[in-house]
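Asker: For the protein sequence lines, the chains are A, B and C, in the order given. Using the numbering used here, the letters of the first sequence correspond one by one to residues 1 to 270. Using the numbering used here, the letters of the second sequence correspond one by one to residues 1001 to 1262. Using the numbering used here, the letters of the third sequence correspond one by one to residues 2001 to 2259.
For the record, the hints were derived by calculation from the structure and aren't laboratory data. The model shown is predicted, which means the values in this text are computed figures rather than measured ones. Heads up, some of the hints might be wrong.
Which residues of chain B face chain C? A partial, calculated answer using Cβ under 10 angstroms [to be verified]:
#1 Arg1002
#2 Trp1004
#3 Arg1006
#4 Pro1007
Heads up, the beta-carbon is just placed ideally off N, CA and C, and yes, glycines get one too.
Okay, here's what each chain looks like letter by letter:
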Amino acid sequence: MDQLTQHTLWQSNIRRKNWLVWGTCFVLALLTVYCWSIMNKDTIWEFVYDAPEQGADLVSRMFPPDWFYINKLYKALWDTINIATLGTLLGLIIALPVAFLAARNTTPSVLFVRPIALFIIAASRSINSLIWALLLVMILGPGILAGVLAIGLRSVGFIAKLFYESIEEINATSVEAIESTGASRFQVINYAIIPQVLPAFLGVIIFRWDINIRESTILGLVGAGGIGLFLSSSLNVLAWPQVTLIIVVILATVIVSEFLSAKVRALLIG
Amino acid sequence: MRHWERPHYIVASKFWRLSLWLLFFVYLVIGIGSIDVNWTRVYEGLERGSNFLSAFLHPDFITRSNDIYAGILESLTITVTSTVAGILLSIPFGIGAARNISIKPIYLFCRAFIAVSRSMQEVIVAIFLVALFGFGAFAGFLTLTYATIGFLGKLLAEEIEGIDRKQLEAIKSTGASWLQSIHMAIWPQVMPRMVGLSFYRFDINFRESAVIGIVGAGGIGATLNTAIDRYEYDSAGAILLLIIIIVMICEYLSGWIRKWIS
Amino acid sequence: MLKIEHLKKQYKKGPLVLNDINLEIPEGQIVGLIGPSGAGKSTLIRCINRLIKPSSGSISLDGTNLSEASPKKIRQQRRYIGMIFQEYALVERLSVMENVLSGRLGYLSFWQSFTRRYPQKDIDNAFDYLQRVGLIDHANKRADELSGGQRQRVGIARALAQDPRLLLVDEPTASLDPKTSRQIMRLIQSICREKGLPAIINIHDVPLAMQFVDRIIGLQGGDIVFDGQASELNEQVLTRIYGDEDWQPADEQQDKGDD
Chain A
1 MDQLTQHTLW QSNIRRKNWL VWGTCFVLAL LTVYCWSIMN KDTIWEFVYD APEQGADLVS
61 RMFPPDWFYI NKLYKALWDT INIATLGTLL GLIIALPVAF LAARNTTPSV LFVRPIALFI
121 IAASRSINSL IWALLLVMIL GPGILAGVLA IGLRSVGFIA KLFYESIEEI NATSVEAIES
181 TGASRFQVIN YAIIPQVLPA FLGVIIFRWD INIRESTILG LVGAGGIGLF LSSSLNVLAW
241 PQVTLIIVVI LATVIVSEFL SAKVRALLIG
Chain B
1001 MRHWERPHYI VASKFWRLSL WLLFFVYLVI GIGSIDVNWT RVYEGLERGS NFLSAFLHPD
1061 FITRSNDIYA GILESLTITV TSTVAGILLS IPFGIGAARN ISIKPIYLFC RAFIAVSRSM
1121 QEVIVAIFLV ALFGFGAFAG FLTLTYATIG FLGKLLAEEI EGIDRKQLEA IKSTGASWLQ
1181 SIHMAIWPQV MPRMVGLSFY RFDINFRESA VIGIVGAGGI GATLNTAIDR YEYDSAGAIL
1241 LLIIIIVMIC EYLSGWIRKW IS
Chain C
2001 MLKIEHLKKQ YKKGPLVLND INLEIPEGQI VGLIGPSGAG KSTLIRCINR LIKPSSGSIS
2061 LDGTNLSEAS PKKIRQQRRY IGMIFQEYAL VERLSVMENV LSGRLGYLSF WQSFTRRYPQ
2121 KDIDNAFDYL QRVGLIDHAN KRADELSGGQ RQRVGIARAL AQDPRLLLVD EPTASLDPKT
2181 SRQIMRLIQS ICREKGLPAI INIHDVPLAM QFVDRIIGLQ GGDIVFDGQA SELNEQVLTR
2241 IYGDEDWQPA DEQQDKGDD
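With the rest of the complex left out, here is chain A (with noise of 0.2 angstroms):
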């Protein structure tokens, strides 16, 4: 090939990329407009113009907050530590087994066993904490309970995933070095797997911990417990200097949270 048609070769390529390029942008955007328009067919207009007006006057009554009210907030941020820890404690207990039966070097069963591991992940990914948290409110009755079920519930699937995938990447030879010294299944997952996988393990639990102690600061909006009930209830009676107060304190337990659990990854990993 001479170099002239190797060199229009190379220009309709990159011509040919472009045109793709564009045309997804411009398919998107198209789709975008049209979502736009569809999505705004209920918006009332005039509610969002004055959006200023209203931020204003928001303001000036959250403002200041009503500092005496945290008194009454000690009991329920207690609550919301104990629902994210026993929460993920209940997360963990269950992902367990099922991240073991949904690894492909560990599943008793590719076939039979592994979908069903894998569709138990996925259910409890796609569905949100706090729908848990409304669906185990209506059997349970409100409560903590109904909070350390919908966070344990949302935990299994993030925490199996992150798991199951860990087990997947080991190194395969260990293992293979464990069987050959007669080793039983259990006892070559307490020697071969675990050590291997522990501190991704360790990771993974202290991350979804600092995620729940986010999710279980609003699960008392629907009545799971802690201090969202008392967000809830100022909201309904529109106490806007106790709602700043909540906000703040959630705000500071979250940056708290993440502080701790970074320190803690470096203390256990390192």
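Since the structure of chain A is already known, use the hints to place chains B and C on it.
Answerer: Relative to the frame of chain A, chains B and C by itself:
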């Protein structure tokens, strides 16, 4: 006769190890003790639970089909528009929050904006935006756009901070302007990962759009909430199934597209 | 004594990897298994301790038939067959001692091994083996702190802890430098001599094999094409095993550097 005991690498001292375990169990007892359960209420609830489970297995898509259709459509449109808007806005915020190419005041502003966006739950943001902009999808759109900026902006900034310095210097040394150097040196390096992350965020936005409806910001969440309030478990089951199916389709598609791009 | 009769292995829809292998290895004999990549060396070794299930044929160790045993029996029999791996295959995040003691797993109940409560005799023996391979000072280090040669020594100690009646050695020196390779081969050889232990060493390095083994088996395309003393190995035989190549180590090889 020689003594051997398993060495521990994380907490080497036996005293601290035992204390930590003790602390853990004490916490467990106190924590579990703080859950006060109304057993009669739970007992009553079990029947509802089993009703719900059987309704979930026999979902009813028909009775409320109009509401469900409208809710799903609203969720999907919110997801599309907020993801697109979030991606577009996250680019300036991400560039501004990257230490190696930004200037100090802009860097601090962008970092602060991203930090606040990330530490606020979508639902809490939605509560305020509903108060400001009224009930409906527009508030939901703003909520998810805001959250997307925080999520993608942080990742984009980290990605830019981690790029190969040499390429940036090479382009700069040709006399390229700031904008040209971003276009030529940074964009090609961060683009592939950002496309993948954008699809990932699309997934998240759909899932969140199903939730913010509970506080009035539009989408399928409102329909679900109503269905549960009215004890229409079979409709609720149908909605949940639809959410699971759509999330799975999104995940499958985004995985496929990510593979196709790279 | 290890006895292999009519051993065949074929992967699903794949070619025959092992084609009618017949072998007898008496007490205390060190056998070097050589052959090109893909000749079936690894598969043969793994068929013996049933990490791979053979398609047909029989394998027996000291009169016990291994090829038709139940999964539980297979685990019991594996205890008597120590294996040493190419990339050491230690569990890197466990201590050296735990790696050595893991050789005892087949003899212990799950709870004993889970709580690391090993019988005193096992611990004493493990220390002896560590002494033997020269790593007594590293017992409580984590395995990933060791160098390649040291890790392979741990691998040897682990195999010894099994109290084996047969050693399977899969490319023990492939990831080591020449000096360490020699030390490792010498260690394996002397241990086998002390204990009268038979060994099958799957090895790429022909000169190294000739120096340390009693008998050499050449495998090619799933067939045994040579079986004899190390000293009988000559150019003709190597050509039969590996195909055409100039085997002279001298300088005339220089202009053939295309392979």
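Asker: Now look at each hint and say whether the structure bears it out.
Answerer: Structure-based check of all given hints:
1. Given the 10 angstroms rule on beta carbons, the hint for B/Arg1002 holds: about 5 angstroms separates it from the nearest Cβ of chain C.
2. Here the hint on B/Trp1004 is kept, as its CB sits about 5 angstroms from the closest CB of chain C, short of 10 angstroms.
3. Because the beta carbon of B/Arg1006 sits about 4 angstroms from the nearest beta carbon in chain C, less than 10 angstroms, this interface hint is met.
4. Hint status for B/Pro1007: holds, given a least beta-carbon distance of 5 angstroms to chain C, under 10 angstroms.
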